[in-house]
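Let the hints inform the model, and build the full structure from the sequences given.
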Amino acid sequence: MKLAKRSPLQGGPLAYAVLGAATLMFVFPFYWTLVAASRTNAELSAAVPAFTPGPNLFHNLGEALEQAAIGTALWNSLVVSGAVTVGVVLSSTLAGFAFAKLRFRGRGLLLALTIGTMMIPPQLGVIPLFMVIVKMDLQNKLPAVILPALVSAFGVFFMRQFLIQALPDELIEAGRVDGASALRIFWSIVLPVARPGMAVLGMLTFMATWNDFFWPIVALSSQNPTVQVALKSLGQGYVPDQSVVMAGTLLGTLPVLLVFALLGRQIVGGIMQGAVKG
Amino acid sequence: MAISSPPAPAAGRRPGAPAPAAAARRSGPRAAGRLAPYGFVAPFFVLFAAFGLFPLLYTAYVSLHRVELQTSERMDWLGVQNYTRLFEDPFFWNALGNTFTIGVLSTVPQLLMALGLAHLLNYRLRGRTFFRVAMLMPYATSVAAATLVFAQLFGRDYGLINWLLTSVGVGPVDWQASTWASQFGVSAIVTWRWTGYNALIYLAGMQAIPGELYESAAMDGASRWQQFRHVTIPGLRPTIVFTVVVSTIGATQLFGEPLLYEGNAGGGISHQYQTLGLYMYEQGWTFFHLGRAAAVAWVMFLLIVVLALLNAAIAARRNRTDR
Numbered sequence: 005m006k007l008a009k010r011s012p013l014q015g016g017p018l019a020y021a022v023l024g025a026a027t028l029m030f031v032f033p034f035y036w037t038l039v040a041a042s043r044t045n046a047e048l049s050a051a052v053p054a055f056t057p058g059p060n061l062f063h064n065l066g067e068a069l070e071q072a073a074i075g076t077a078l079w080n081s082l083v084v085s086g087a088v089t090v091g092v093v094l095s096s097t098l099a100g101f102a103f104a105k106l107r108f109r110g111r112g113l114l115l116a117l118t119i120g121t122m123m124i125p126p127q128l129g130v131i132p133l134f135m136v137i138v139k140m141d142l143q144n145k146l147p148a149v150i151l152p153a154l155v156s157a158f159g160v161f162f163m164r165q166f167l168i169q170a171l172p173d174e175l176i177e178a179g180r181v182d183g184a185s186a187l188r189i190f191w192s193i194v195l196p197v198a199r200p201g202m203a204v205l206g207m208l209t210f211m212a213t214w215n216d217f218f219w220p221i222v223a224l225s226s227q228n229p230t231v232q233v234a235l236k237s238l239g240q241g242y243v244p245d246q247s248v249v250m251a252g253t254l255l256g257t258l259p260v261l262l263v264f265a266l267l268g269r270q271i272v273g274g275i276m277q278g279a280v281k282g
Numbered sequence: 065m066a067i068s069s070p071p072a073p074a075a076g077r078r079p080g081a082p083a084p085a086a087a088a089r090r091s092g093p094r095a096a097g098r099l100a101p102y103g104f105v106a107p108f109f110v111l112f113a114a115f116g117l118f119p120l121l122y123t124a125y126v127s128l129h130r131v132e133l134q135t136s137e138r139m140d141w142l143g144v145q146n147y148t149r150l151f152e153d154p155f156f157w158n159a160l161g162n163t164f165t166i167g168v169l170s171t172v173p174q175l176l177m178a179l180g181l182a183h184l185l186n187y188r189l190r191g192r193t194f195f196r197v198a199m200l201m202p203y204a205t206s207v208a209a210a211t212l213v214f215a216q217l218f219g220r221d222y223g224l225i226n227w228l229l230t231s232v233g234v235g236p237v238d239w240q241a242s243t244w245a246s247q248f249g250v251s252a253i254v255t256w257r258w259t260g261y262n263a264l265i266y267l268a269g270m271q272a273i274p275g276e277l278y279e280s281a282a283m284d285g286a287s288r289w290q291q292f293r294h295v296t297i298p299g300l301r302p303t304i305v306f307t308v309v310v311s312t313i314g315a316t317q318l319f320g321e322p323l324l325y326e327g328n329a330g331g332g333i334s335h336q337y338q339t340l341g342l343y344m345y346e347q348g349w350t351f352f353h354l355g356r357a358a359a360v361a362w363v364m365f366l367l368i369v370v371l372a373l374l375n376a377a378i379a380a381r382r383n384r385t386d387r
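Residue numbers (the working numbering), protein chains in the order written: chain W, 5 to 282; chain G, 65 to 387.
These are computed hints drawn from the structure, not numbers from a lab.
Be aware that one or more of the hints could be misleading.
Covered by chain W, according to a simulated footprint, are these stretches of chain G (three or more residues, beta-carbon under 8 Å) [claimed, not checked]: (1) 158-169; (2) 174-186; (3) 202-212; (4) 238-245; (5) 293-305.
Pairwise CB distance ranges, derived in the manner of DEER restraints [to be verified]: (6) G:F352 <-> W:S49: 48 to 58 Å; (7) G:V369 <-> W:P17: 40 to 50 Å; (8) G:P236 <-> W:A21: 28 to 38 Å; (9) G:P236 <-> W:V31: 23 to 33 Å; (10) G:E132 <-> W:L261: 38 to 48 Å; (11) W:G24 <-> G:F352: 44 to 54 Å; (12) W:P17 <-> G:F352: 55 to 65 Å; (13) G:E137 <-> W:R111: 37 to 47 Å; (14) W:A54 <-> G:T135: 25 to 35 Å; (15) G:V172 <-> W:G110: 26 to 36 Å; (16) G:R301 <-> W:G120: 18 to 28 Å; (17) G:F352 <-> W:A54: 54 to 64 Å; (18) W:V197 <-> G:E132: 50 to 60 Å.
Note that CB positions come from ideal geometry on N, CA and C, so glycine has one too.
Next up, the structure:
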């Protein structure tokens, strides 16, 4: 027979045309944000809209920073997303390793519990969560959005799937024979192998946390917002100028787009990997 | 606990467990190995129980009480009153219906387009990484940011889309006040954000289909369309079920898009695009009735369970008829 691996068909002009049009649809709103953020309000409501970026970008960005606390919001989002990412990656790697490679009583049950709740939207638990946060006097404080997000059932499942394939049993056995403690084995054998999976999970977690909406708008206020909370204030008309609203949107999206520009290929790979294993 | 003299790494992190380091020294690595797994899963499960499972279950309990937002520590027993009120409220049924129609309007085109795009991406192409990354960019954008931009594009008087429609002679559409147009607008945001993501999931599934299947199909004289229909689609079935389940659950939870479409929790002037998620938020944080909001949450939870069972049943049935 021929080669086992199938060489895919060559894409014709039609494939390029359709993909090109789709790409345009996906990318255009970003371009439009830039256009709207760099114009004046009057230009945005002109009879014939402007299609190219104007000279007002920095003025609008300044206004957005001032009126909607976007500066604070960016910093808060960075703190929250950073803390959550570290927490999720660590707790998921620890638990994912145990589920992938260790035998213990109750393992099946605990794993079923994790997988079974993976699909349940956290949005459904916000009311008791809110009551707890009020009781702990954490309302409007960053721990209110960090604490509940520190662990993720998806993360545990993801790391388990990764480690089942990436970590040979013999490596752990060898460590045991050498008399290494469980923590030692984790530190010097599991972690180095787990690193690529941790990186992907970290990127996905960072983006998801940065973009998280429901819980932050419930737990925080516009006085101490994350980016999404600030954007919500913008959208609810706290700032009348559409061009300033768009400038704020641009500022809030830029960091994620930057990460995406640098790591887009890896994120695409991570999502496709997760899809096959998931 | 004054046993451990050297700062040996505490393998089993569970408090109250008989000093694992000492036990390890006594009976070799085996004993430590027995407790260590619990130490590894403990950080996850402690936080997961406190902030994941407990709130979910406690929601049912809260839904049987009167709880006000401002005095959320006080709970008065109501029985099923929150539920009866809910079922008597026409806005609840309205929200349920909207959630369904917007769910269909956003999920069906999204997944069909994703399937088509994945098929194209599966060809040998120049710049395929570019296409893939561009397709995923909306997914990296937040709901809030995407909605604010689309709200601007869908503006009635000065929006780009109405300008375009007017200039080709169709005339402006009221993307806010009209029921169908507003639901279409909200669905467009969802579709924009998730199509590329689903396309990549499908692409991954397509690449896992063995090439020999296509070769033998081609030898049997199957056209490209027949190959797509009889090799690609069956091979993708688990992936398709996965995306349908995930998008359906996402659709029942739709919240940020309708909230920021015009910036109010009512979901439009006559609640024409208010979803269940938005209705729940309105009950809790506009009307201050946390108990009623919890009842909505619990109804949404049951809805998801029903949808998941339905999905599983359909998938099982299709599998049976295919074989």
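Next on the checklist: Please check whether P236 of chain G and V31 of chain W have a Cβ separation lying inside 23 to 33 Å.
Outcome noted: 25 Å, holds
Item to check | G120 of chain W and R301 of chain G - C-beta distance against the hinted 18 to 28 Å | outcome: With Cβ atoms ~22 Å apart, the hint holds.
Checklist entry - Taking the CB of E132 of chain G and the CB of L261 of chain W, does the distance hold inside 38 to 48 Å? => result 41 Å, holds
Item to check | Pairwise beta carbon distance, F352 of chain G to A54 of chain W, judged against the given window 54 to 64 Å | outcome: 44 Å, violated
Checklist entry - Are there three or more residues in the stretch 238-245 of chain G whose C-beta lies closer than 8 Å to some C-beta of chain W? => result Answer violated; 0 residues pass the 8 Å Cβ test.
Checklist entry - Residue count check for the stretch 202-212 of chain G against chain W: does it reach three with CB-CB under 8 Å? => result With 10 residues close enough to chain W, the hint holds.
Checklist entry - Can the suggested window of 26 to 36 Å be confirmed for the beta-carbon pair V172 of chain G and G110 of chain W? => result 42 Å, violated
Next on the checklist: Given a hint of 40 to 50 Å, does the C-beta separation of V369 of chain G and P17 of chain W actually sit inside it?
Outcome noted: Holds, at about 48 Å.
Checklist entry - Quick check: the stretch 158-169 of chain G, covered by chain W? Criterion 3+ residues, Cβ under 8 Å. => result violated (count 0)
Next on the checklist: Is 28 to 38 Å respected by the C-beta to C-beta distance linking P236 of chain G and A21 of chain W?
Outcome noted: Check passed, 29 Å falls within 28 to 38 Å.
Checklist entry - Can the suggested window of 55 to 65 Å be confirmed for the beta-carbon pair P17 of chain W and F352 of chain G? => result 59 Å, holds
Next on the checklist: Range first: 44 to 54 Å. Now tell me if the beta carbons of G24 of chain W and F352 of chain G are that far apart.
Outcome noted: 51 Å, holds
Violated hints, in rising order: 1, 4, 5, 6, 14, 15, 17; the structure is consistent with all others.
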